[in-house]
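Trainee: Guided by the hints, dock chain B onto chain A, whose structure is given.
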Amino acid sequence: MKKLAAIMALLAAGLAGPGWTGGADTAALAKKQSSLSAEYNLAKDSKFYFVFDVLGRKLELRVRGMVLRTWPLRSMRFWGRPDFAGTVELVKKTALKAPERIVIKPGEAEEAPATAAPAPAAKPAASGTAAPPAEFDLEALELKDMPRRFELDFDNGLHVIVKAKGGAASGLGARLRDAWRWYVGMPLRNLFGREEGAGTSQLELVFDEEKDAQSIYWHFFDGIKGIVL
Amino acid sequence: MTIKRLLIVVAALAHLGFLAVLGASYFIGLKQASTWPPAGEEIAEKDVPKVERNVQQLEKRMGGLLPKGPYIVIDTAENRLFVKNGDKVLREAVVSCGSGVVLEEPGGKKRSWVFDTPRGEFAVKSKITNPYWVKPDWAFIEEGEAIPRGLEDRIEAGTLGDYALGFGQGYFIHGTLYTRLLGRNVTHGCVRVGDEDLKFVFKAVSIGSKIYIY
Numbered sequence: 001m002k003k004l005a006a007i008m009a010l011l012a013a014g015l016a017g018p019g020w021t022g023g024a025d026t027a028a029l030a031k032k033q034s035s036l037s038a039e040y041n042l043a044k045d046s047k048f049y050f051v052f053d054v055l056g057r058k059l060e061l062r063v064r065g066m067v068l069r070t071w072p073l074r075s076m077r078f079w080g081r082p083d084f085a086g087t088v089e090l091v092k093k094t095a096l097k098a099p100e101r102i103v104i105k106p107g108e109a110e111e112a113p114a115t116a117a118p119a120p121a122a123k124p125a126a127s128g129t130a131a132p133p134a135e136f137d138l139e140a141l142e143l144k145d146m147p148r149r150f151e152l153d154f155d156n157g158l159h160v161i162v163k164a165k166g167g168a169a170s171g172l173g174a175r176l177r178d179a180w181r182w183y184v185g186m187p188l189r190n191l192f193g194r195e196e197g198a199g200t201s202q203l204e205l206v207f208d209e210e211k212d213a214q215s216i217y218w219h220f221f222d223g224i225k226g227i228v229l
Numbered sequence: 001m002t003i004k005r006l007l008i009v010v011a012a013l014a015h016l017g018f019l020a021v022l023g024a025s026y027f028i029g030l031k032q033a034s035t036w037p038p039a040g041e042e043i044a045e046k047d048v049p050k051v052e053r054n055v056q057q058l059e060k061r062m063g064g065l066l067p068k069g070p071y072i073v074i075d076t077a078e079n080r081l082f083v084k085n086g087d088k089v090l091r092e093a094v095v096s097c098g099s100g101v102v103l104e105e106p107g108g109k110k111r112s113w114v115f116d117t118p119r120g121e122f123a124v125k126s127k128i129t130n131p132y133w134v135k136p137d138w139a140f141i142e143e144g145e146a147i148p149r150g151l152e153d154r155i156e157a158g159t160l161g162d163y164a165l166g167f168g169q170g171y172f173i174h175g176t177l178y179t180r181l182l183g184r185n186v187t188h189g190c191v192r193v194g195d196e197d198l199k200f201v202f203k204a205v206s207i208g209s210k211i212y213i214y
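Here the protein sequences come in this chain order: A and B. Read in order, the letters of the first sequence correspond to residues 1 to 229 in my numbering. Read in order, the letters of the second sequence correspond to residues 1 to 214 in my numbering.
Just chain B, same shape as in the assembly:
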């Protein structure tokens, strides 16, 4: 780079002016770009079979990382859920994921909740038929209601649809009454699915099946 800079200065001194300097920088820029893509390291002819075996092994290992059996993929940006088996898409459903809203508790405790659908690799931990919702504190705070002391005052039936699949930390894939909002980010972190799709998902996957949420 030092030599190049020196040469550019020479060019400038030769009264070629700004355009020449710019031209030079283009020339060098194009020269740099011409080295793309960088060549891989050289392999000696005798090492080629060994490298080929290594590549095959790596491909096999990569294949071993894929989930076995049906699994669920959820795109939180597009609000889509896919049930897949290998590369095959068994079902695509429009769903609702987390709203990303922050709820702040007024008053003394000052707790806060972020309503995001968690992203990452999960597994189906529970499968529940006719689930009921045990309303957490935030559900009452959000409604401006007092938080009840008894468990029975927190239970709400019918809200979660016919089935629920738990994937940890209180998050579920469940049904919804608000089918009009499917396709929008409206939930508190759970994934809401329409009735027919939910039935399919519930039947297709088993406990331990992988869930990828991105």
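Chain A on its own, in the form it takes in the complex:
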């Protein structure tokens, strides 16, 4: 009897949430109007902004309405309150090992900086098809130095984890930790962890290429604004 009551209680808990709404066409039109209006407000300014199209499964960097860069999502998963759409601002970018700038202090450095070293000039690159970039380490902060997994916190409480396929949890321990966090920790936190009305919204975005995740880290600076569709 107790078990039956408990199961009924759980079902009631699940059904207590909001349901589907009708009027799909007019709702789509209203949504288009609001997303266009939000984008126009950002595009009026000369600053870069991003558009995260959840249903279209892509993240885009834009300026003046132009798409500069598109990152298609390989997969995406989500826990928590889904009402995170709208205009957002990046407030924090966190990585386990954030890239650090190289500081050159002439007189203290053992070697001259790579930029100053006169590299032997190769054949001039043919138009539009320059030779592949030289593969050696430079004293520079490059795309390859960016983290492959990092977290973004937005002003509306949305927390986004960005990672590349297979690039995040490589060892068994890390994979288990990751699975525990996502399949046990997150659901419980979603249920118990926060105050009413300010629940967790956590998105995990997985990209095919490590370079995709790294370039997002490169291009997403603190304070960048964007729209979540």
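Hints are computed from structural coordinates only; laboratory data are not their basis. Every clue listed holds true.
In silico DSBU-like links for lysine-lysine, alpha-carbon gap of 30 Å or less:
no.	chain 1	residue 1	chain 2	residue 2
1	A	K92	A	K47
2	A	K44	A	K93
3	B	K125	A	K47
4	B	K203	A	K47
5	A	K93	A	K144
6	B	K203	B	K88
7	B	K68	A	K44
8	B	K60	A	K32
9	A	K165	A	K93
10	A	K58	A	K47
11	A	K225	B	K88
12	B	K125	B	K199
13	B	K127	B	K203
14	A	K47	A	K144
15	B	K110	A	K97
16	A	K225	B	K84
17	B	K88	A	K211
18	A	K144	B	K84
19	B	K68	A	K225
20	A	K225	A	K32
Mentor: Below, chain B alone, put in the same frame as chain A:
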């Protein structure tokens, strides 16, 4: 949420244990996710034409923000430069952008420079043929040389290639002797371009053309 919590506690009290609580949180989580995407606000049937007009107007306004004529787009992460006109890519070039290195001046003044290519929207402010480089202080500090007093000691010819396009605050899109380093982040903030590509860029854009560096 309070009701849900209460119901979960009821479930726990009914000796269903941890798995039941976890199951409940999954159930609620899935229920939350099922409300995605949030529905747009309802529009009354009579307001639909007005909203449609508004959408058209917004689309027109967005179109008006696009740059007129050829413009330059530079990806500092991938070290790529694109000359575009509308959506059409007229030329793609492998370039070198800023190294991100910090140079600190030793001794008394303790000045420092960050060698980043600036990001944002710019415009071509100057177009120079056969440019020469007026070496700034950091160029001497980096080499461990004394900073000269006379302007003539700062001038270096041939370093910047055949053309240079200035986009403000001393930054240029220019040529390079070090074509082997194209595709890498090695510069002090300027954008280095190979000879043939630079010639194309120089001819394609005019003073005032937009430059987007991201």
